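Participant: Knowing the structure of chain A, use the given hints to seat chain B on it.
2 protein chains.
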Amino acid sequence: MMGSWDLSISKELSLVEDLVQRSIDSREPLLTEIAGYVIGAGGKRVRPAVTILSYYVVGGKDVDRAVQIAAALELVHSATLLHDDINDGGVMRRGRPAAFKKYGLQNALVTGDFLFTKAFAIGAKFDPEIVDITAEACVRLAEGEIRQQANARDLSMSEKEYLVIIQQKTAGFFAAGARVGAMLGGGSREQIAALSEYGRHLGIAFQIVDDILDVVGDESVTGKPVGSDIREGTVTLLLQHALNNGNATARTELEGIIRRGPKSEEEVLRAIDIIAASGAVDESRARAGEYAVRAKESLDLLGPEPQKLELMRIADLVLHRDA
Amino acid sequence: MMGSWDLSISKELSLVEDLVQRSIDSREPLLTEIAGYVIGAGGKRVRPAVTILSYYVVGGKDVDRAVQIAAALELVHSATLLHDDINDGGVMRRGRPAAFKKYGLQNALVTGDFLFTKAFAIGAKFDPEIVDITAEACVRLAEGEIRQQANARDLSMSEKEYLVIIQQKTAGFFAAGARVGAMLGGGSREQIAALSEYGRHLGIAFQIVDDILDVVGDESVTGKPVGSDIREGTVTLLLQHALNNGNATARTELEGIIRRGPKSEEEVLRAIDIIAASGAVDESRARAGEYAVRAKESLDLLGPEPQKLELMRIADLVLHRDA
Chain A
3 MMGSWDLSIS KELSLVEDLV QRSIDSREPL LTEIAGYVIG AGGKRVRPAV
53 TILSYYVVGG KDVDRAVQIA AALELVHSAT LLHDDINDGG VMRRGRPAAF
103 KKYGLQNALV TGDFLFTKAF AIGAKFDPEI VDITAEACVR LAEGEIRQQA
153 NARDLSMSEK EYLVIIQQKT AGFFAAGARV GAMLGGGSRE QIAALSEYGR
203 HLGIAFQIVD DILDVVGDES VTGKPVGSDI REGTVTLLLQ HALNNGNATA
253 RTELEGIIRR GPKSEEEVLR AIDIIAASGA VDESRARAGE YAVRAKESLD
303 LLGPEPQKLE LMRIADLVLH RDA
Chain B
3 MMGSWDLSIS KELSLVEDLV QRSIDSREPL LTEIAGYVIG AGGKRVRPAV
53 TILSYYVVGG KDVDRAVQIA AALELVHSAT LLHDDINDGG VMRRGRPAAF
103 KKYGLQNALV TGDFLFTKAF AIGAKFDPEI VDITAEACVR LAEGEIRQQA
153 NARDLSMSEK EYLVIIQQKT AGFFAAGARV GAMLGGGSRE QIAALSEYGR
203 HLGIAFQIVD DILDVVGDES VTGKPVGSDI REGTVTLLLQ HALNNGNATA
253 RTELEGIIRR GPKSEEEVLR AIDIIAASGA VDESRARAGE YAVRAKESLD
303 LLGPEPQKLE LMRIADLVLH RDA
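Chains as they are written, first to last, in the working numbering: chain A, 3 to 325; chain B, 3 to 325.
Chain A on its own, in the form it takes in the complex:
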C-alpha cells in the first residue's frame, strides 16, 4: 500500500479507495465479494498515487475529477489482474489464492468484465480526449499481452522488442495515468508531456523490478512464488542477460528449459539459479535504475512543488520495492 509509503496524498488515496469500493457494489453479493477480494488484496496503489500527484503538481485545485479517473484506472488494473491470473495459471497473488482458484474460472472472468464495465462507466463521464487516452492505454495493454504471448519461448527476441512489449502492457498505463492527471489539473502542454514521460519511464522501471522479483523475490513478502515467467516462457531482460552472459553449459541448459517449457518445479528452480548466477539481477537492477533516473529527469521542467519531490520519491520506492 502506498499508505505505508507516507505520501502527502493519503486522504486522496482514501477517496479513490472509497470510490472503487462503491463501484463494485452489486445486486449479486458474489460479484462484489470477488471484486473486493482482488481489490482488497491491496497492492501498492502506485498508479492512483501517480495520477493524483500529477494532478496536483501542475496546480490542480479540485481533486475530485482526478480521484474519479484514478479509481477508473485502478478498476481496469484490477480487472487485468483477475484475467492475467487466469492466463498465467498463477495460483497465488499477494499471499492468497488467486481469485480464479478460489472462485472458479467463470466467476473470475465475469468479475473482470464487471470491473471493466464499472471503470468505463466512470471514465465515460470525461471529455473525449481523456476517454481516448484511457481507452488507448487499455488497447495497448491488450496488444502487449497478445505480443508477449506470441513471443513466449522466443529466445531470439531482442531487448528492443522486450521494451516495446513492457511499454504496451505496463508503462503505457502508468503514462496514461500521469498524463490524464496532468491534463485534469490544467497543466501546460509541456507539463503534460513531461509527466507522461515520467509515467512511461516509471512504468518500465516498475516492470523490470517485477521481472527481478520473479527471480529473486521473497515469497513471504511478494505473496507469490517465484518463477512464473519461467513457467510461462516470458522473455525478460534477466533471461536475455543470462542467455547472453552465462557460461556455455548453463546457457544450453537454460535454453532447453525455456524452449520446451520446464518439466518440473526442480527445472523452474534450476532455471532461476542459472539466471541468478549470470549476474542478470544486478544488471537488470541497473537498467531499472536508469529508467527511474529518466523518470525523475522528466520532471526537470516542473516547478519546486512538494508533489514533485513525492513523484521522485515514488521512482525510488518503485526501484527498491521488495513486493
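I should point out that these hints are in silico values taken from the structure, not numbers from a laboratory.
None of these values were measured; they are calculated from a predicted model.
Take the hints with a grain of salt, since some may be wrong.
Unchecked claim - EDC-like cross-link-like pairs, simulated, lysine to aspartate or glutamate; straight-line CA separation at most 20 Å:
#1 A:K127 to B:E199
#2 A:K104 to B:E234
#3 A:K310 to A:E192
#4 A:K103 to A:D90
#5 A:K13 to A:D324
#6 A:K104 to B:D90
#7 A:K46 to A:D86
#8 A:K103 to B:E234
#9 B:K298 to B:D8
#10 B:K127 to A:D212
#11 B:K13 to B:D66
#12 A:K104 to A:D86
#13 B:K127 to A:E131
#14 A:K103 to A:E192
#15 A:K46 to A:D324
#16 B:K127 to B:E138
#17 A:K46 to A:E307
#18 B:K310 to B:E192
#19 A:K103 to B:E192
#20 A:K310 to A:E199
#21 A:K162 to A:D220
#22 A:K298 to A:E199
#23 B:K103 to A:D134
#24 B:K104 to A:E234
#25 B:K310 to B:D8
#26 A:K127 to B:E131
#27 A:K127 to B:E138
#28 B:K63 to B:E234
#29 A:K127 to B:D129
#30 B:K46 to B:D318
#31 B:K104 to A:D134
#32 B:K103 to A:D90
#33 B:K127 to A:D134
#34 B:K127 to A:D86
#35 B:K162 to B:E199
#36 B:K162 to B:D212
#37 B:K103 to A:E307
#38 A:K103 to B:D90
#39 A:K127 to A:D64
Facilitator: Using the frame of chain A, we list chain B on its own:
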C-alpha cells in the same frame, strides 16, 4: 444474418458492420484476426437491427448515432461470446472451433477485453444517460452470468428465478439496445418505455428459443452441438418442465445426470432424450410464443410506421429461428 431476413435497414446494418470492422483494427494483427474471427462468424445481428429499427420507428432522422451505439453493443456482445465460450468450454461456435480452442485461452480472453474497450470507446461519446443504460446492461449481464453459475445443478430453482437470470443475461441487453435506439431517435417517454419492453420480451423469447435449440437444434444449422446446458448444469425452462412432468423413472434418471454432471456423451444424449420426451420443447415453445406476443403488443402505442411491422416480424423470426 439479419441480411437474409430481408429487412429494410440492410444499408444501416452494413454501416454497423463497417464500424465494427474498423474498430477491431489493431497494431497487433493477431488481435484483429481473433476479433474478426468471432465477429465475422456472423450471427444474426438481431441486436443491431432492433436498435436501428427502434431509432427509426420513433422518427429518428440521422441514423449515424444509432449506428454507433449499435456497433458498440455488438462489440460488447462479441466480447461476451468470446468469454462465454471459455466459461462453457464450448468447443464449437457457429460451425467453427470456438476462438479459445483455435487461438488459446489467453489470446481469446485478451481479445474479449480488447473488444470491451473498443465498445466503450465508442459508447463514451454519448450522453451520460446513454452511457449509464449501456453500462448497466453490461453489469446486469455479468450479474446474470454469476447467478446462473451459482444456480447450476440446482434442481429446486424456480421458474421465476430462471426468468430473472435470463432477463439479466440476455433480455436486459435487448431492452437496452431498443431503449437507446428510441432515445437517440427522439422518442417520447412512452415510446421509449414501450420499445424497452419490446426488447425485454423479445430477449426472453430469444433465450427460451436458445435453450430449445440446445435440446433439439440441428447441429448442421446451429453450428454447435446440442447439450451444452446439460453439460454445464444450466437450469432451463425445458429442464424444469421435464423434472416436473416426465414419468417418475425418467425424472429420477435425469435428476441424477444433472445433479452429479453427465459422465459421458451418452448421458448427455440420454438427458436430452428424457427432456424431449417430456413435452418440454412444445411447452417451452409456447412460452417463448407468449413472450413474442407480448413483445409485439408492447408496440401497440406506436404509430403505423413501416419499422413497427419489421419489429413485429423480428419477434416472429426470433421465435421460429432454427439457428
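Participant: It remains to establish, for every hint, whether it holds in the given structure.
Facilitator: Evaluation of the provided hints:
no.	hint	in the structure
1	A:K127 to B:E199	27 Å, violated
2	A:K104 to B:E234	19 Å, holds
3	A:K310 to A:E192	15 Å, holds
4	A:K103 to A:D90	12 Å, holds
5	A:K13 to A:D324	25 Å, violated
6	A:K104 to B:D90	18 Å, holds
7	A:K46 to A:D86	17 Å, holds
8	A:K103 to B:E234	18 Å, holds
9	B:K298 to B:D8	19 Å, holds
10	B:K127 to A:D212	36 Å, violated
11	B:K13 to B:D66	12 Å, holds
12	A:K104 to A:D86	15 Å, holds
13	B:K127 to A:E131	10 Å, holds
14	A:K103 to A:E192	46 Å, violated
15	A:K46 to A:D324	11 Å, holds
16	B:K127 to B:E138	16 Å, holds
17	A:K46 to A:E307	23 Å, violated
18	B:K310 to B:E192	15 Å, holds
19	A:K103 to B:E192	47 Å, violated
20	A:K310 to A:E199	14 Å, holds
21	A:K162 to A:D220	29 Å, violated
22	A:K298 to A:E199	10 Å, holds
23	B:K103 to A:D134	32 Å, violated
24	B:K104 to A:E234	19 Å, holds
25	B:K310 to B:D8	15 Å, holds
26	A:K127 to B:E131	10 Å, holds
27	A:K127 to B:E138	14 Å, holds
28	B:K63 to B:E234	45 Å, violated
29	A:K127 to B:D129	8 Å, holds
30	B:K46 to B:D318	14 Å, holds
31	B:K104 to A:D134	31 Å, violated
32	B:K103 to A:D90	17 Å, holds
33	B:K127 to A:D134	10 Å, holds
34	B:K127 to A:D86	29 Å, violated
35	B:K162 to B:E199	18 Å, holds
36	B:K162 to B:D212	18 Å, holds
37	B:K103 to A:E307	53 Å, violated
38	A:K103 to B:D90	17 Å, holds
39	A:K127 to A:D64	16 Å, holds
Comparing the model with each earlier hint shows violations of hints 1, 5, 10, 14, 17, 19, 21, 23, 28, 31, 34 and 37; every other hint is respected.
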